[in-house]
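So the protein sequences, as listed, match chains A and B. Whatever position you read off the first sequence (first residue = 1), add 298 for the working numbering. Whatever position you read off the second sequence (first residue = 1), add 873 for the working numbering.
One should not assume that every hint holds.
Each computed DSS-like pair below joins lysine-lysine, with the alpha-carbon atoms no more than 25 Å apart [stated by the list, open to error]:
hint, chain 1, residue 1, chain 2, residue 2
1, A, K677, A, K786
2, A, K1205, A, K505
3, A, K1151, B, K1002
4, A, K623, A, K677
5, A, K416, B, K963
6, A, K1104, A, K505
Hint data in this document are derived by calculation from the structure and do not stem from the laboratory. Predicted model, so just to flag it, every value in this text is computed and none were measured.
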Amino acid sequence: MPELTPNGAPKIGVYVCHCGVNIAAKVNITEVVEFAKTLPFVTVAREYKFMCSDPGQELIQQDLREGKINRVVVASCSPLMHEATFRRATAEGGQNPFFFHMANIREHVSWVTADGHKATEKAKALIAAAVRRVAFHEPLEKKRVPVHPHVLIVGGGIAGIEAALKIADAGKKVYLVEREPTIGGHMAQFDKCFPTLDCAACILTPKMTQVRVHPNIELLTYSEVESVEPYDLRNFKVKIRRKARYVNEDTCTGCGLCAEVCPVSVPSEFDEGLGMRKAIYRPFPQAVPNAFTISRRGTPPCQAACSIHQNAQGYITLIAHGKFKEALDVILRDNPLPSICGRICTHPCTVNCTRGTVDEPLNIPGLKRFVTDLFPDYKLPQPKVNRSEKIAIVGSGPAGLMCAYELRQRGYWPTIYEAQPVPGGMLSVGIPAFRLPRDVITKEINRLKEIGIEIKTNTPVGKAITLEQLRQQYAAVFIAIGAHVERKLNVPGEDLPNVWGGIEFLRKVNLEGPFKIGNRVLVIGGGNSAIDAARTALRCGAEDVTIVYRRTRAEMPADPKEIEAAEEEGVKMIFLAAPKTILGNRETGVTALECLKMKLGAPDASGRPAPEPIPGSEFVLPCDAIIATIGQVPDIKSLGDKLGIETTRWGTFKVDEVTLETNIPGVFAGGDCVTGPDVVVNAMYAGKKAAISIDRYLNKLDMRAGREREGPYRTWYDIDTSGIAVQKQVPMPSIELARRRTFSEVHTGYTLEQAIAEAKRCLDCGICCDCRLCSTVCEAKAINYEMKDEFREIVVGSIILATGFKPFDARRIPRYGYGKYPNVYTALEVERMTNASGPTGGEIRLRDGRKPKAVGIIHCVGSRDRNYNSYCSRVCCLYSLKLAHLIKERTGAEVYNFYIDMRVPGKAYEEFYDRMLEEGIHFIRGRVAEVTDHAMTPDEEGKLVIRAEDTLIGVIRRIPVDMVVLAVGLEPQADADEVRRKFYISCGTGGFFLERHPKLAPVQTFADGIFIAGACQGPKDIQDTVAQAGAAAAEVLSLIDRGFVELEPNTAFIQEELCSGCKTCIPLCPFSAISFNSDKGIAVINEALCKGCGTCVAACPSGAAQQHLFTDEQIYQEIEGVLSYV
Amino acid sequence: MSKEWEPRIVAFFCTWCTYTAADLAGISRMTYAPNARIIRVMCSGRIDPQFVLKAFHDGADGVLIGGCHPGDCHYQAGNYKALRRYTLLKRVLTEMGIEPERLRLEWISASEGDRVQKVMNEMAETIRKLGPLPLERPLPQPLPETERGAVPLTSPWPSPYTEREGVRLGLRGR
C-alpha cells in the first residue's frame, strides 16, 4: 500500500493544454479548468496553449518551486508522446518525476469525438481519473543499465553497409550479417541510378571493399540470425547460423576455374533468371567476399532412396556432359558391384525420381550399366590404410561381398567362406544368366580379389569349419548366408518327382547348365524369382510355361518390366488361382495341378488384399513339371547346432537394428538371413552397415551414434517443372524375340547417344551433384565437402535491421501477361539487361534476340491498387523514367510510359522528368487495362498490344509494342513477419517494419535497442535509404557513447507480510523473475529481470504482489475517477 | 439536471498495442463514439478481474479489455493470461445476472487504428441496446477532504463519495 508521502498531503496541479487548436477546437478548455479546480487535493489549475513548450514547462516548475503543488497532472496529448518531457520538467522543478500523470485528451478525445460537448465531458472524466490516481503515486528512481558496445546489423544492402561503415569509423565493433553469399543487396543489380544516372556498381563497390577491409567490421555472409535472446537486462545474445558454403572463404582466391568445370547450370538469381550460373558460383564478379559458394539443396531423392546412397545425380550429370570416366569414379565411390547393380537392381531411386512427376523417371540403373560397360577393365580403388585384424565373413552373396569391400577399404583383411562352388550367393545361383551374364559376376568378384579379399569356395561353415573356430581365429564374424531354402507349398503331392523349388531349379541351371525340365511347366508364385524361373524354363526347352498366382497382376511383387518381358517371350499367366493338390504318381511323375479359384478379400499384413478361396471352384491344369517359388528361409541349421545365436519366430537371425550385432558380441549378421528374402541393394546396405559396426567395435567406439542416415530415407524438393517438355524414358534396347530362347543377355545396354539423351532428362534436384570435379581443379585447395552449418553466438547492445525489400511478383496480375508472353519483363529484369556485366552484356533485346522497335513501360504494377498493395512504392516513376531513357538511348525504340500520376519529388527529380519529356518519350496517362497479343489490325500482328484509356484525351487506346516493361512495386521481404518476431518488433500497414513514430522516430522501433533502416521500413530510394542508415547509426552511437539506458521503474514487488506463499505467481512470469524463498515461505521478485507486465500482480489472491506505477489502488482510483463523471 | 442516458464504458488498454492503436486512431482523426474512457496498463495481463468488477460496481455499463494479438504480446504471454481470466470472469458475471455482452475482449495491434474505431462504436451500440446496468450499488465517494494530511489507507472499495448535482443518472431511480 502506498505510504504517506514525505512531503505531506498531495497538492495537485492540473495543467490543461490547448495544443494550439488541436484540443481547444473541440474541448472547452475554460470549463475543464474550472472543473479541475473542484477536484479533491487540486490546488492549482491552469491552461496554456502549448504545455510541452519551454514556457509551458516553466509554469509547472514555478508552481513546484513555490511549493504550491507537489504532484502534477497534465491534460494534453498521449503519454507515449510527452510523458518523458513532463517527467523531466517535474524533475527539474525539484520533485520526483514519478509524481506526475498525464491525461490524454487529444488523441483520445479532441481528435476522435465529433461533438464538442461530449468531448468536454470525456476530457473532464479523464482528468478526474488522473487527479485521483496521482494522489497515490510514490517516489521512484529510474534504474541505469549498461549497454553493450557491440552492434549487430542484419542485412548487407546499401543501408546495412552505410550504417556499418559509419559505426565502425567511430571505433565501435560491428557484426554485419547477410544471408546471400555476398553483400550489395539490390543496388548491386542496378545499372544506373536516377537522377544522376551514375553507375550503381561504381558507387557501391568501393563501399563494399571498405567493409571488407575495415578492422572494426566482422562480415558474416551466407549467414542468418537464428534467435535473439534478451541478455543482461538490456542487451542481446544473438545466435547466428553460418550456412555451409563448402568453400573456405579465406583461402578461396576467386579464380573461377571450379565454375568452368562444374557440369550443373541453374538459372541465376542475381540475373533474375535471365542468365545461368553454375552450382558453384559467385553472384557477380565484384562480390564481397570474393569467394565461391556451392549451392546444394540437399541430398537428391534418388540418392536418399538408394540403400547405399549411390550418388545418382552425380554420375548422371557427368554422363550428360560426356564425362564418362569421371562418372565411373563417382559410381565407384559407393558401389563395388556396379556392373551387377546396373543390370539387376530393383532401383528404389527411380521410384522417387522427381522427373517422374513430369513424365517418366530416369532409367538410373541403365545409365550406371552404360558407364561400367564402357570401361570393361576398370579397377576398384586400393585401400589407403592398413590394419592387422582379420574378419571372417560367412557367405559370398552381395551382403558378404559388400561387407568385405568396406572392411578392406578400412584396412582390415576379410576372408569369405562360401559353401557353394562359385561365389556370388543369390547373384550366381538365383539370377539367370540372361539377366546377369556369368562373366560379369566373375569379373566383379575378380576385382574384389585384386584388392586383397580372400574367398574360399566349397567351404561350408558348420561342416568344414565351425562358427566357434571362426570366432576364435578372427577378430569379428559377419554371417550373411542368405535365404536359400525354398518354402513348401504344403499341398499333397509335393514330394512327387519333377516338383521343384524355384531357387533349386535356378541353382541347377546356373551351376550345371540348362536341362529339359518338361514341356508344360507351371510356375507358382508372383515375385521376381517366379518370373526368372518361368523365363528360364522357356530357355530350357519347355513349350508351354504358365505362371499361376493367387492374387491379380496388380499385386504381383515382381518388377512390371520383367512381367512384360516374360509375356513378350510367351509366358502365360493365370491369376486368382492357388494350388490345392498336385496330381500324379511316382512312376509318371507330375501330371497335373488341381487349383482353386480365389477372390480378393480384405487387406492382410502385407497391405495387399488377401486371397480367399471360392469353395467348389476346383479346376485342373495338366502339366509335367511344377516350379514353386513362394519364398525362401535361411538355412540356419547348416551352420551347426547350439550356435547360441538368437533367432526370430520366422527362422531368421535376431540382430540389433542399428548395429546388426547378434546377441554374441563380435558376431554380426545381415542380409536375407536377417530380413527374409529381400533385394540386392538392401543386402549390400546390410554389408556396409556391418562393416561400419565391426570397425567401431574393433576400435572400441560407440557403435550406435550418428547412424540415422545410413539406410534409405525420403527427401523431396519442390522443383518448378513448368515449361519442361514431356520426353519419356529412352527405351532399353533388347535382343529380338527370336533369340529369346538362349541364355544371352536380353538387354544390350544404351548407346552413347541414347545414354546422353536419357541423362539430359535429369532435373538436378540437389543442384550441386557432388561430382567433386571442382576440387580437382582448385589450386588453393579451398573446397571442403564436409562443411556443416556452424553456429556463432555473439552479445550486442544494439541491433539495426536493414533487410530491404522484395519486388512485387508480377505473376499476380495475369492480365499484364507476365509469364505468359515471353516479351513481358519486370523492371528488375530490364535492369539486369541494361547492366554491362549482365546476361546480355548491356544490350536490350527481346527473347529471340531482336532489338525492340517499340517498348511500353507500365507504371504502378502492384502499387496504388486496393487489390494488391494500396501504397505508392515511391521509386517506380523514377526508375521507369530512367529505363525509358536507357532503352531509347540504346535501341532507338519508341518508348511509351503509361502512368497514373508522375511522382517525382526529391532533388533534381523534376528536372530529370523534364529532360525525359524533351527526349521524345511518350507519356500516356491511364492505368493499363491489359496486355494482349490478339491483333485487331495488320499493324498489331506479332506484337503485344497495350490497352489503356488515355484519360487526358478521353479515348481508349491500343498501342502495339514489341516489349512490355512492368514497373513492379516494392514489398516487404517474404519472411518479414518471421523476422520481426525474432526481433520483438511489429509490422505496420503493408507489412513493413513498424517505426516508433513516422515523423519523430522513423528508425526506432518499440523495442529498445532495435532499429530499422532502409526499404524494410517502407519503400524508398537510395538516398533516403542512406539517410536512414545514418540516422540509425547515430541512434546506436548515441546509445553506446552514453553507455547506459534508464529502465522505467514499473517493476513488480511483493509485500512480504501479505504473501502467503501460495506460489500462484511463480509460474506466470515469462521472464522467470519470481522465485520462492523457502526459508521465509514467500515469493521473491528479482527486480533486475522483471519487465513490468503486471501479470503476477493480477493473479495474486492476497494483493501481496503490486506493481510500481500501476498499483491496484492507483487503478481503482482511475476507475472511480472515470466513472464519477459522465 | 437530468441528461439522456449514455452508455458508460471503461476500457483497459495495454500500452504496447491497444493504447498505441488508439493513438493511431487519433492521429488519423478517426471519429468514434466517446462513451469509452481508456485506462492505460502496461499489459493486458495486468488486468485483475477485480478491476472489471469494480468498474461495474462503480457505474460502468460495459467494460472493454484490449490486448495484443495472441503471439504478439510484448511480454510474451500476458494476453493469454488475460484471455483465461476474461473467460472465467464472463461466466461469473453471467451467474451474477450481468449480460455477457457487457464485457468484451478485443485483440488490437498497434497498426489497427481503424479497429479501435470499429470496436468503440460497436461497443457503444451494444451497450445502448442493452440499456443501463440495473445494479443496486452505492455511488462512488470522493476522498475525504476534511483533514489535509491524511490519505486513507483502507481497503480499496467502496469508498464514500457524496452525491453531486446532476452526476448520477435518472434511470437508476435514485
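So, going through the hints one by one against the coordinates:
1. Taking the CA atoms of A/K677 and A/K786, the gap is near 42 Å; set against the 25 Å cutoff, the hint is violated.
2. Annotation: proposed proximity of A/K1205 to A/K505 holds, straight-line Cα distance about 23 Å (limit 25 Å).
3. With a CA separation close to 68 Å, the supplied pair A/K1151 and B/K1002 exceeds the 25 Å bound.
4. Taken as a hint, the A/K623 and A/K677 pair is honoured in the structure, with Cα atoms around 12 Å apart against an allowance of 25 Å.
5. For the hint pairing A/K416 with B/K963, the CA-to-CA distance comes to about 30 Å; that exceeds 25 Å, so the pair is violated.
6. Proximity of A/K1104 to A/K505 is assessed by CA-CA distance (about 22 Å); at most 25 Å being required, the pair is judged to hold.
Violated hints for the displayed structure, listed by number in ascending order: 1, 3 and 5.
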